[in-house]
Every structure is written in C-alpha cells, then in structure tokens.
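**Q** Construct the complete structure from the given sequences, taking the supplied hints into account.
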Amino acid sequence: MSSTAEPGTDTGAPIEKLNLVEAVCDGLYTEMSQHDDVVVLGEDVGKNGGVFRATAGLYEEFGEERVIDTPLAEAGIVGSAIGLALSGMRPVAEMQFMGFIYPAFDQLVSHAARLRSRSHGQYTVPMVVRAPYGGGIHAPEHHSESKEAFFVHEPGLKVVCPSTPYDAKGLLIAALRDPDPVIFLEPKLIYRAFKQEVPKGSYEVPLSEASVRREGSDISVYTWGAMTRPTLIAADNLADEYGVDVEVVDLRTLSPLDIETIVESFKKTGRAAVVHEAPKTAGLGAEISSTIQEEALLHQEAPIKRITGFDTPMPLHGVEDYYLPQAVRIQDGILETVEF
Amino acid sequence: MSSTAEPGTDTGAPIEKLNLVEAVCDGLYTEMSQHDDVVVLGEDVGKNGGVFRATAGLYEEFGEERVIDTPLAEAGIVGSAIGLALSGMRPVAEMQFMGFIYPAFDQLVSHAARLRSRSHGQYTVPMVVRAPYGGGIHAPEHHSESKEAFFVHEPGLKVVCPSTPYDAKGLLIAALRDPDPVIFLEPKLIYRAFKQEVPKGSYEVPLSEASVRREGSDISVYTWGAMTRPTLIAADNLADEYGVDVEVVDLRTLSPLDIETIVESFKKTGRAAVVHEAPKTAGLGAEISSTIQEEALLHQEAPIKRITGFDTPMPLHGVEDYYLPQAVRIQDGILETVEF
Amino acid sequence: MSAQKELNQQEPTSRVTTDTQPVQVLEADGSVCPNATVPDLSDEELLSMYEDTKLARRFDQRAISLQRQGRIATYAPMTGQEGAQVATSYALEQRDWLFPTYREHAAKYVHGVSLAALLKPLRGIREGYAVPDGVNVMPEYIPIATQIPQAMGMAWGNKLQGKVDHAVLCHFGDGATSEGDFHEGLNFAGVFDVPAVFVCNNNQWAISVPRERQTASETIAQKAQAYGIESVRVDGLDPLAVYQVTKAALSKAKNPAAGERRPTLIEAVQYRYGAHTTADDPSVYRDDDEAEEWKDKDPLDRLQKYLYKEGILDEEIDAELDERIETTIKNAITEAESVSEDPELMFEHVYEEMPDRLREQRDELAALREKYGDEAFEEVLE
Amino acid sequence: MSAQKELNQQEPTSRVTTDTQPVQVLEADGSVCPNATVPDLSDEELLSMYEDTKLARRFDQRAISLQRQGRIATYAPMTGQEGAQVATSYALEQRDWLFPTYREHAAKYVHGVSLAALLKPLRGIREGYAVPDGVNVMPEYIPIATQIPQAMGMAWGNKLQGKVDHAVLCHFGDGATSEGDFHEGLNFAGVFDVPAVFVCNNNQWAISVPRERQTASETIAQKAQAYGIESVRVDGLDPLAVYQVTKAALSKAKNPAAGERRPTLIEAVQYRYGAHTTADDPSVYRDDDEAEEWKDKDPLDRLQKYLYKEGILDEEIDAELDERIETTIKNAITEAESVSEDPELMFEHVYEEMPDRLREQRDELAALREKYGDEAFEEVLE
Ligand SMILES: Cc1ncc(C[n+]2csc(CCOP(=O)(O)OP(=O)(O)O)c2C)c(N)n1
Ligand SMILES: Cc1ncc(C[n+]2csc(CCOP(=O)(O)OP(=O)(O)O)c2C)c(N)n1
Ligand SMILES: [Mg+2]
Ligand SMILES: [Mg+2]
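Residue numbers (this note's numbering), protein chains in the order written: chain A, 1 to 340; chain X, 1001 to 1340; chain L, 2001 to 2382; chain U, 3001 to 3382.
Check each hint, because a few of them may be wrong.
[Unchecked claim] EDC-like cross-link-like pairs, simulated, lysine to aspartate or glutamate; straight-line CA separation at most 20 Å: (1) L:Lys2054 <-> L:Glu2326; (2) U:Lys3254 <-> A:Glu65; (3) U:Lys3371 <-> X:Glu1241; (4) U:Lys3371 <-> X:Asp1321; (5) A:Lys267 <-> X:Glu1301.
Hints in this document: simulated from the structure, not taken from any laboratory.
**A** What follows is the structure, encoded as structure tokens:
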C-alpha cells in the first residue's frame, strides 16, 4: 500500500483546493515548470486548453513549442510522441477521448510497449498518453469508452487511473517521471465532481500501489477511477442499512497490478467483488477474480462478483445510467456476495 | 456441444484428406462457388494465393473481381470490407498476420462491431476477417501475435479459432454465413501439421459450441487453436505416466463463449486449467476461470491454473519455444492442479 | 424528406479542376458570375432548395436553444454550411448513398431523414439512426474520417454488383484529411476506380485548430494528386456552384467518359460561423470578426437575392415558407419529445441472436429495476 | 562500421524536383550523363562506397544461403537495392539518425551497425538490435510504415531541442505509402517543418502487388504535394545520383534557405531483383524477365565501370576488395554463430523494473527447465 503522503498529511507545502481536472492541469504545470523536456501535444490542447480544459493556461505559460496543437491524427500523435521520447524529450500526448485512441492502437501496442524490449534496453519510450475515459456525462456515441483491459493485456505498457484530485496529480507526476510508457486514464465523469486539498508543487503517488479507501472486514471490493465513488456510496449504505462492513480497494494503477494489496485484502475478508464500467466479458474484473482464486482460493467463501458494464456497446446517453454500475447495482451485488 | 457431423461421420459426401490451411482454402472455395456475393480481399491474396497459400487457386478460379489484391493498408481493407458488407456482399478480408491487424483496430471495434446496434438493427456487417495467429514457426518479430482477448472484449464481434482441418472448414463456412462480423483466427503453427478427412462441399460447424476433444474425470483443461495439440499430448502423457484423467475442451468459438459446456465439464471434474499462448494478464484464461468460479464455485477443488504465454512481448524466435506453453509446461501445470 | 425534391438528369457543365480558385456561380449579391453557367434547375427546384436551406438554418437555431434548455444533448451547429449540405444532397439521386458526419443534419434531411429522426439520437433515442428502407443514409460518423474507407467500400460493392448508377457521397471536414483513414480510403478509391464523391467541407477549423495548422498543403483539393483522382475546389457558400460540381462529379462517378476516372474529391471552401458544438467556446481560440467576412457571402442570403432578382421569390412567398418551416420544426420536436428510450433496448441488436450471457444481463437489469425502481438508476452519478 | 566513411560537408548541387524523370548522374555504362554534376567525393570515398556496395551484395548472397542451410531465419534480400542503401547512408553524418525497415541491411551497416549485429536477430538473438551508443540506428521496423511518424517525431524532438544539425533519414517501400502512418507522418512533417528525409525505396513490388496496383498516382514523389513538402525522383540504381539528392535533402533539412522547407520525400526508383524474402517465390506472380531490364542498369556494375573509367579502380584492387569482404563476412558469421540466446532474457527490459508477476514467471520457467531439462522445450511444437 502507498507509503506516500496522503491528502491531509502535512508536507509543509501550501495546499489548494482543486477538482480532478484542475489537479491534472496542475500536475502538468508543475512538471513542465521544472523540466524543460516535458511537452504536451494533441488536438486542441493549445490555445483552447483542451476540450475539458485539462491543459488550460499551459499554452500561455509555456508557449507553442511546448504545448502543441497537432493535426487531427491519433497515430501521428502517438507515433511522433514515441519519436519525441526517443529524442530525449518527455512527451505527454492527449487523446481527446479514449474512444479515439484506437487509430493509435498499433503505435501503442506494437511500438511504445516494445521498443525497450526489442532493442534489448537500448531505446526507451518514457511518455504519457492521457485520455479522458468512461461514461455518465451524456456525451455522444464513441465518447464513453472504458477499455482499460486492452492496454493491461499488452506487456510493456503501464496503465494508471486516478479517482481523486490528490491522486490525479501525484500519479500523473509519477507517470511523467516513469521510464516506461504510461496510459493515463482520467475519469471524466468526476473531472469536476468534487474538490480536494492538493499540495502545490511536486509530489508523487507511486505507481503500482493500490489504496484502501475504506477498511472493512466482510468483503473486499476492487474498483478504480469513476466507479470508486458509487462503490463508496454503496459501502456506506450497506454499513448503515445492513451492517455489512465493506473494504474498498482503489487500484489506481491497473498495470502492473498491485497484486499484493489485492490478495491481502481478500485474505482478510474472504469475499470479493470487482466494479468497472467496461463490458464484463474479458474485462479487468476477470483478471482480478482469476488472480484472487489462484492466490487465495482457500480463503474464498463466495464467488467473486463482477459488477460491470454490460456486454453491449455503450448505449446512447438516454439510457447510459442503466449501463453503468450505479450504487444500487453495486450494493445489490455486494449483498448477494456477502449473503452467499 | 456440437451436434453436427464430426469427422468420420458418414455424411454421404466424398471425403478428402486436407491439412488445416487447405481446409481453409477449401472452405473459401466451397462458399465462393455457391455464393456470388462472397469476395476475398487483402494483401497478396490474389495471384500469389496468400503468403500461406490459404487462398491458392481462388484467383484463377474466380477472377480478380472476387479475389482482390488490395493496397497495403489494413484500415483500408477492413473499412472497405465494412462498406462491401453494407452494400450487400459477403467480404472475407485477410490480415496477413494477426500482428498487422492493429491498424484496422478502430474500424473493427468502433464500426464493424457496432453498426448493427447503433443503427438499431437497420445496417449489418456480415463479414469475416481472417488472420493467421500465434507463434512457433520462427517468424520475424510482430508476426506471432495471439491477442484474441482484445476482440473478445468488444461486444458485437464474434471470434472463432479452429484447431483441426475439419473444424477449420466447417467453422469458416458458418462464419461466412453468420449475420455478424467474425474474426477468424487461424493457428498457423498447425497449418500443415497434420491432415484430416474433410468432406467435400458444404457443411457447417456451428459457432459458439465448444468441443470436448478428450473426455476425462479428474480435471477440465480449456484451450483452442494451436494449443490444443500440446494439451492433448500432455493429457495422454498424464494418463500414461500418472493415471490422471484429463478432459480437454476445445472452445473453438472464443466469443460468444460456450459457457454451458465450460461449466458442465467443470462441474464434473471440479478442477481446471486454461492453456493459451497470449500473455497471462488479462488474457482469455482470466475470463474462463472467472466465469467458472462465478457459476460453479461450490464444485471447485483447486485453483484454476492459467498455463499461458508470459507477460512479455513475444521474444525473437530463438527462444519462442520457451515462451509458448509446451506440453511439458502444460503437464506440469495440470499435475500441480490435480495434486492441490 | 425534403419538399419537392426531384431527380435531375441533366448533364452538368462545371469544370473539374485543381485550380486553387474555387468554382463560383453566384456573386455575393446574388448576381451570376461572369462566364458562369447557372445549373439547369427549374424554378420549383430552386425554390425548394431555398426552402430547405432556410429550414436548415432555422433548425440549427432551434436545436441550439433546445440544447441550452437541456432538452437535447451536445449539438454540432451547421450555420454557414447548410448551403453546401443542401446543395450536395440535391445533386444526389434517391438511390445514391450518403455518409454523413455529426454536422450534416441538412444533408441527411434533404436525402430523406425526417427532422424528428435527426433529433431523436440527440435525446438519447437510438431509433433515430434506423432510417426507413429506401432512405440511403448511414448513421452519422463521429470517429473522424472512419466513414471514408467504408463509403469507398460501399461504392466498390455497388460497382462489383453492377450497380454503378448508385453513387456514394461521403462528407468529412478539413481536419479529417489528416487521418490515415482519409488517405487509405482515397487511395483505394483511386486504385479500384469506384463511383464515389468525397466532399471535404473545409470550414477552416477543426475545433480550435485552423486549416493552415492542419496541413502544409496549399489546398485540400491538391491532396487528390496523391491518389491519381481528380479534384475540384468550390465556393462552399455558393449553393449553385456546389450543386453544379457535385452533380458533375456524381455524373462522372456513374458514367465516366473514356479515360476519365470515377472518383472525385471536392473541396467545398466554407466557414463554421458558430461553435464547433454546443460544448465549445470559439472565442477562446479565434477572433469573432473572422466570421464577418464570410457572412458577407452567406449562402442563404445569396440564394435569396438570386431568387428575388430572378422573380422566383417574393416577400409573400418568403413569409409563407417561414411559417411552414416553423410548423415543420415544431412538429418534429413534439414527435421527438414524445418518445423515450427503453433501457432494455441496449441488449437488442448487439448480435442478430442474443447470446445467453447477454440475455442474463438483460434479465438481471430488469430484476433490479423491478426491485429498486427506476429512480435508483437516475441518481446523478457524480 | 563502414570502411573509411567520412563526413562530407560540401553543398550539394542536385535539383529538388517533382519531375517524373528521375535524377541520374551515371549512365548504365558508367559514363557521366550529359549535364549531370558528379558529386564531390574523393577517390577514397568513391572506392569505399564501391567496397561497401560490393560487400552488401556478397552479404546478401551469403545470408540467403545461410537461410537455406537453416542457420538463420527468414531473410529479406536487397540485391539491386544496395546501391541506394549505401548511397543514402554515405550522405548521412554520424550524428544523423537512421530508421530502417527489414530490408536496409546495407544502410544500417554503413551507418555503423556491425555485420554480426545484423545477423544476430536473424538467429533469434536480440542483442543485435541493441546498437552501441553513438550509432544512431533504430531496430528494423517490420510493421509497415510505422517508423514514419516515429522518425518524424525524432526529427521534431531534435528541432525542439535546437539540434537541427541532427537530421533523420527514414526508409520505407512503395507499399508503405498506402498506409495511414505514411500519410500522418508526412503531414506532421510538413506542418512542423522537421529536419527529416523520407526515402521511399520504390522497388516496384510490395510482395506480389505491383506498384501500379498500390496507388493510382503516377509517381510516389507527387504524393508530397499533399503535405506541402518537396520531393524528388531519383534513379535508385544510380548510387551517385542517390547520394547527391540525399545529400541535398539532408542539407536542406538542416539548413533550409529562406522560404525553403526542411522535409523532403525522395522516391528512389529501383527494383527488387530477388524474392521478397526467403519465404517468397516471385515466379508465382511476376515474370522472371522483368528483372533483366533493370539489371542492365545495375548499381554495382555502374559504379564499377565508372571507377574503372576514372582510373580509381583496377582488377588488382577489385580482387583485394573481394578478399577483404570475404573475410569480413566470414568473421561476422562466426561471431554471430558463437552466441546463443538465454531464454531468461525475454523477461528483461519489458519494463525498467521487473514487476513481481514477471519475476515469478521467470522463476517458474527456470524451475521447469531445471526439473525437465531444456530438451523438453525444444520438442517440435507442431
Ligand atoms: C478519431 C477522432 N479523433 C478526435 C475526435 C474529436 N473531434 C470531434 S470533431 C473534431 C474536429 C473535426 O474537425 P473537421 O474534420 O474539420 O470537421 P468539422 O467539425 O470542422 O466539421 C475532433 C478533433 C473524433 N471525433 N474522432
Ligand atoms: C502493417 C503491415 N502489414 C502487412 C505486413 C506484411 N508485409 C511485410 S513486407 C510487405 C510488403 C512491403 O512492401 P514495400 O513497402 O513496397 O516494401 P518492400 O518489401 O518492397 O521493400 C507486407 C505486406 C507488414 N509487415 N506490416
Ligand atoms: Mg473543419
Ligand atoms: Mg516495395
């Protein structure tokens, strides 16, 4: 589990209250101020400050050589970011929405992920590919993807997904300093949902360390990103209404997974559920439940429940609230598992 | 389980002995002879007959309007195949190797998979995308991909993977007649490994029906494609040397999965392993073991073992035999599970 | 379906050219340019085209305000671009196919999609994308440029099936030309010589990225050189010019002269007067004044002035049209707002046959709704 | 590293043009073309270039025969194309970067990769791709065209870091120009005006697909028009012409004159004499005779004839070179065959730090090898 300063810890640094997207922006700002080699590129990241304003103010501060509007071409963005990284820079490429990352899929899985290993360690690709992901904001079709499992299945890539402003900034800085390519998925549903105290200046939340958001003894629920909040709501409801004591583990890094924390929590509770927005089949929930039963079958008292998006394309916004795992579904699924 | 004629069954049709790649070719030939709307397109599928000769003779037989060499552009091939399907044809697009399917990823996951649902059933994309997959033939880098899980995770796509010549032809014909887009993965390692009796003319092996290749009572081992053979070898060895009675289930269709057959077999044996070449993490093995523990935990007597490729990029051919699950690894993994 | 749309079989006369000077028929004041030939359209056709353009502009205003009122979701306005949309669709025959983006509302409407069907997906209702049989319009494409290889493929399929009289018209923006799919689609079109017309609605902006940062090529039209196909630049704010070049391109697609190739790339030079979508604030990245120059050449004004000059239109007719348009749009809104989406529909049409697991998921959702009520699902997620 | 390769700082004089007629310096018989300027290379440099071309041809023969003997895996021959490879790399300075495909063995060698390092990956040994520091050569790119945006990005990074004197040279084939990555990479290069030279080795074939079915454009060079960058067609079998245009393009990349743009697309018109790879049989799809015409203009012969005419080369020197080449290649093979790959290496360099699960997998494999012996893993899989 994370040993770094958590929100509220006195790091001596001044604090400001930021929401998640502001924290992302602050993370970029902080690193760019300190490291000239960090450049931001993507569609509308410059003057426009990003369609979600995640890069607001950076163009004005750092100029058009470091905050770069590119032509509309995702393979071009990621491919050229690989080249930028090879040339000694630290590019941060924005994909406007995760649904538009697929044209760059080949560059990510065939190259970013593999240049280190295929060159026997000679060439490395330290870069971050940021993408707002997930549903719930009534966006048009193809704007609500949550396909983290695709990237988790590709060795050589790291995948990170914060659920709080504090983590967003700290994980982003850690990702920017990481020697390997990181896909950084930002839960756009909660970009502006709440503010949190975020230290000014630099700090890292280390990669591959899950965070226990709520301690509990009856069941371990694993989740990340935007689904952390409805999971915590469900956990509170279950405590109040049914006296069920839920442990909520926010994975934060999806690849490489913090298997130790996952398994330890499970050994304590003996029951588990995974909550994610992606379709159930071959989603990351499968990996987690599969790992748990490999590592701790003898502790298992009930089937591990997957509370996930359905095996359909994301529907139009009219009914997306039925597609996403809502607190009510999460609660019901946890209860079923606890009562098994 | 399949209720169709299995090899050896007397269908009255004349039989010939074919290897797997010949059976694929024969399947294409058979359907093209009967249905004018079937066209084959891809790189080098025409005069050259395909780099593995999977389309050998088709160009001569059906001409360049039905066996079409395209420019070197996978998104173009799949995108135009979607258009061909929309126009009323039944395109069969070849990806020269599965490692080169990624440039077409967007067309497959964002469009082929979704045109039916987004148009509320008005438009459909009946097409087959064929790709030789997997390692073991000492091919250059990027030629040995086995990333079936990517496609299984995308609702709207079907994924098929034969392990015998008989099935290759029958599944391909079923895929060609299927009203939905099918990714048809051909185990190139065993393209020429053995011959089998294959009926001339048309027959279907239905999609989404797994096949029990070997009955057994001690453990269920799930696999598909090229890994079926080492799994069967391991099973035979285990029977001979340890008296362990292994049931081998060849999934054949990877999406939608034949969950019923998977779970039924498990309920009988209470133990399971999954064998695949893809990296372990977030591979299809995770889905299978996760599904089993959801559906049949009370029958489970040991952790479900994943015997898979490692979580590394496919290495150069010099050591690929250590990467792929060999009979020896499969055998060892099964034994560990049986002795748990 | 557009009022009085009729098939027009005349052989058009416009030049196909890669000159950088766009083809123009009408001056900004509605007079005919020197040396230009006015396309052979009847008075009724011209009036109908005008009415549809007017309707498009009014629809745009209403849609923007519906969005502000929270009655529809994010909307991509088309004001300034309706002239080109209406004109390209007027050039189509009913059997021709249309591949639109999220912005071609008017192009779809003219080719047979009802206004209510346009509004439904904006209200989250999927059936709006399921156009009636015989209306050859694809659902809008949101992932940029992805429609281009598909449109090429449909044109190719039609050609292979001997249906070369079914041309395909594919819309996209200036930004789309940077995507690999544009390149692959147009290269295939050249190689397989398919009956397709590719219309680049160069509105000078891809969200906040201006045309000159999208590509260093002087024109979009010249990109056709890479594919061995012809191209033409046209004043996209001149509906008659757009009609003319599109008609010519469609005619060539279906009936190329000896040595001519079927596909054409049309660069329709225009301007996005408003925001990229209702979620966008263009004042952040461009000068408000920039639009003014373009507005002087407004397509609706130009057509109106021409029709007045020609005596085809007068104030009385104009007022009648306004009234009819108002009613048409009002009815469409009422219709679109009278339906709502059943959550269970999301499980339909994933595959032709619903897989077992999907059926279970559908039943699971039904049971939860039964148990907890729909209110429980409508909680604000964030 | 190539013998006696020296930096050549002269300002080259070749025209940058999009004429369809390729730039040529030497006639097929080794004489200088009328009006051509011979690049300013010293006798030593010319001889060294000849030696490297000769070595490349011999290496090709040896590699093909090693493959036949099962001593290396699939190999992509370069005979007929070595002249262009050697010449482009001679035009590079040591600090310039090279992005090669699977076919640019000679280009890599001249730019500093040892022959043994070329052979190792063909024997499944990965360290061959880890070139020494200071040798600016990327591992070969197998997924077609994917190197193009990356090469663009490296050139861009160099420019952003003020290292405009580090140009990037990126190779690819005629087939590669159909991929979206070609388009996106070149479009970015135009927009960001990067110091990069894109060399299309148009060898007329992409496996079995002839150039004229790859694209309907007349030349590959004209595709540059789509990106607002310059291009030049050159006789790819004329090493001096290739050297000249590449040198000029590199010089422009680093030091553009006012109004000039840095990137250039070079179409080097050549021919693949042999099979696509050792796994390919070209007799299935093309006429054996086709190669003959091209062979009349063979790059090695041409250079040889020129050097004889100029008195730089004679039979004695030629024989010495042959001997030296034979030894060099023999030693390289011996070196490459003296090493073998440790299976545990596959777990290294996936990430900078090995994740726990990977460490477990590594240990698991080690334990299995210990328990069952390596023979158990070497069973033929099929
Ligand atoms: C593949 C992809 N990348 C990014 C986006 C986000 N996006 C939506 S519209 C747009 C700009 C499109 O510009 P253009 O092609 O000129 O069309 P216009 O909107 O101006 O009509 C962008 C970047 C997208 N929809 N698809
Ligand atoms: C993305 C991708 N698709 C397909 C292939 C298979 N393939 C390898 S080489 C080749 C032909 C390449 O032709 P060209 O670009 O002209 O280069 P050449 O081999 O002639 O030098 C093909 C199709 C590949 N390597 N990568
Ligand atoms: Mg635009
Ligand atoms: Mg070639």
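**Q** Which of the listed hints are broken here?
**A** Failing hints: none at all.
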